[in-house]
Amino acid sequence: MTTREDPDRLEAFLARIDRGERIEADDWMPDDYRQQLIRLIAMHAVSEIMGALPEKEWVPKAPTLYRKLAIMAKVQDEIGHGQLLMRVAEDLVAPLGKTREDLLDDLFSGRLKFHNVFHMPAPTWADAGIIAWLVDGAAIITQGMSLSSSYAPYVRALQRIVEEEGFHIQHGESICMALAEGSASQRHSLQAALERWWPALMMFFGPNEADHPSSHQKANLRYRIRTKTNEELRQRFLTKYVPRIRSLGLVPPDPTLHYDAEQGRWIYQQPDWEWFRRIINGQGPASSARLTLKRLTYEEGRWARAALAQGR
Amino acid sequence: MDGERLTFDVYEVFAQTDPLGPHQHQFSLLASSPEMAMALAQENFLRRREIYSIWVVRRDQIVKSGPKERERFYRLKKSYRLTEDYRYLADKWRRYRQAPMTPETMV
Numbered sequence: 001m002t003t004r005e006d007p008d009r010l011e012a013f014l015a016r017i018d019r020g021e022r023i024e025a026d027d028w029m030p031d032d033y034r035q036q037l038i039r040l041i042a043m044h045a046v047s048e049i050m051g052a053l054p055e056k057e058w059v060p061k062a063p064t065l066y067r068k069l070a071i072m073a074k075v076q077d078e079i080g081h082g083q084l085l086m087r088v089a090e091d092l093v094a095p096l097g098k099t100r101e102d103l104l105d106d107l108f109s110g111r112l113k114f115h116n117v118f119h120m121p122a123p124t125w126a127d128a129g130i131i132a133w134l135v136d137g138a139a140i141i142t143q144g145m146s147l148s149s150s151y152a153p154y155v156r157a158l159q160r161i162v163e164e165e166g167f168h169i170q171h172g173e174s175i176c177m178a179l180a181e182g183s184a185s186q187r188h189s190l191q192a193a194l195e196r197w198w199p200a201l202m203m204f205f206g207p208n209e210a211d212h213p214s215s216h217q218k219a220n221l222r223y224r225i226r227t228k229t230n231e232e233l234r235q236r237f238l239t240k241y242v243p244r245i246r247s248l249g250l251v252p253p254d255p256t257l258h259y260d261a262e263q264g265r266w267i268y269q270q271p272d273w274e275w276f277r278r279i280i281n282g283q284g285p286a287s288s289a290r291l292t293l294k295r296l297t298y299e300e301g302r303w304a305r306a307a308l309a310q311g312r
Numbered sequence: 001m002d003g004e005r006l007t008f009d010v011y012e013v014f015a016q017t018d019p020l021g022p023h024q025h026q027f028s029l030l031a032s033s034p035e036m037a038m039a040l041a042q043e044n045f046l047r048r049r050e051i052y053s054i055w056v057v058r059r060d061q062i063v064k065s066g067p068k069e070r071e072r073f074y075r076l077k078k079s080y081r082l083t084e085d086y087r088y089l090a091d092k093w094r095r096y097r098q099a100p101m102t103p104e105t106m107v
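Chains as they are written, first to last, in my numbering: chain A, 1 to 312; chain B, 1 to 107.
No wet-lab data here; the hints were simulated from the structure.
Because the structure is a prediction, the values reported are computed rather than measured.
Careful, some of the hints might be misleading.
[What the hints assert, rightly or not] Below 30 angstroms or equal to it, Euclidean Cα-Cα: the simulated BS3-like pairs (lysine-lysine) are:
1) A:294 - A:98
2) A:240 - A:56
3) A:98 - B:78
4) A:98 - B:64
5) A:218 - A:68
6) B:78 - B:64
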């Protein structure tokens with residue numbers, strides 16, 4: 001890894017990006033491109049793994065056997081997604097002499113962040129429904145965009161993942177519809193879960209950086225790692241989901257929320273972005289419990305990994 | 001508990017969903033033996049789909065082309081090797097059906 005790069009090579013690389021070519025793991029790439037990919041894909045990988053935790057809390061408490069089997073399958077899918085993405089990240093860190101263990105150490109030390117939504121508690125069954133419907137719904141909007149990303153190995157993994165996320169959304173829709181059509185207390189618990197998750201959903205795509213985009217967002221757009229801004233993704237989410245949320249008799253907890261036809265965009269109340277920064281830095285309501293659980297299972301499982309590794 | 005670093009091999013996984021279809025590359029995974037790779041391929045990633053056959057191959061056993069070859073492959077456009085060059089044949093057959101040639105007209 002050189003820190004100074006040949007300007008001709010860099011120019012040729014950017015020309016490939018501009019032609020819409022896909023980059024492979026063994027292609028020459030600028031260090032900055034590699035770093036942006038590692039940052040994005042490692043974060044996505046550990047978010048899939050940490051994202052399975054709030055839902056797995058509901059496996060023993062699912063209301064019917066059918067729901068238990070379905071949510072178990074979903075949890076298992078999410079861990080599988082984490083593993084697939086971890087492989088993509090590993091191939092990117094390999095030239096830097098790093099492995100999966102280093103990525104997990106970064107997670108435990110807080111250097112590698114996981115998605116803000118997975119720092120939140122899921123106290124009721126309705127939360128499991130809202131996570132599967134709206135959190136996965138938001139995820140599929142980001143991942144749908146990333147299917148046009150310039151890094152081919154990431155896109156290949158995403159093609160599988162997006163297909164399965166489509167199932168997850170339906171699983172969530174089914175839970176939410178059943179509650180919406182149920183008793184007054186079921187409807188109440190669904191509305192309460194929506195209210196609990198609303199700020200996290202508004203933060204899901206990150207701050208609106210239209211006026212001063214971060215250097216990461218600029219680099220990701222330049223390299224066509226991503227093709228849309230945070231705000232474009234949030235607008236797309238609102239367009240798709242606000243009408244559906246309302247059609248279930250639910251009320252998003254934001255009195256200012258409306259579509260402004262003149263501006264062609266949704267107007268909404270900004271979530272507390274200071275809180276967002278605290279959450280992703282490990283100070284969310286469930287951050288420490290989930291990380292502790294993940295670290296504990298990782299440490300307790302070490303003997304099993306060691307036994308398997310000895311089989312070589 | 002931290003001691004030596006655990007190392008695993010990368011395995012590439014191929015699967016066939018239908019007996020007449022090709023084995024297609026699916027993803028890669030870490031394992032210490034072909035048996036472990038086979039078990040993980042099924043248990044971690046191939047539960048939702050119907051699978052007919054799985055191949056696992058240690059990545060370092062695969063001979064593969066690299067970036068240089070990819071560039072060269074792009075340039076291999078030989079129209080005479082493609083049926084697209086012969087699309088006009090269908091039009092000709094249509095004309096012959098409407099107005100067949102005879103030994104007389106062929107002189």
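Evaluation of the provided hints:
1. A:294 - A:98: Measuring from Cα to Cα gives roughly 20 angstroms; hence the hint holds.
2. A:240 - A:56: Distance ~27 angstroms between residue 240 of chain A and residue 56 of chain A Cα, so the pair holds.
3. A:98 - B:78: Violated, because 43 angstroms separates the two Cα atoms, which is more than 30 angstroms.
4. A:98 - B:64: holds (23 angstroms)
5. A:218 - A:68: violated (43 angstroms)
6. B:78 - B:64: The hint holds at about 23 angstroms.
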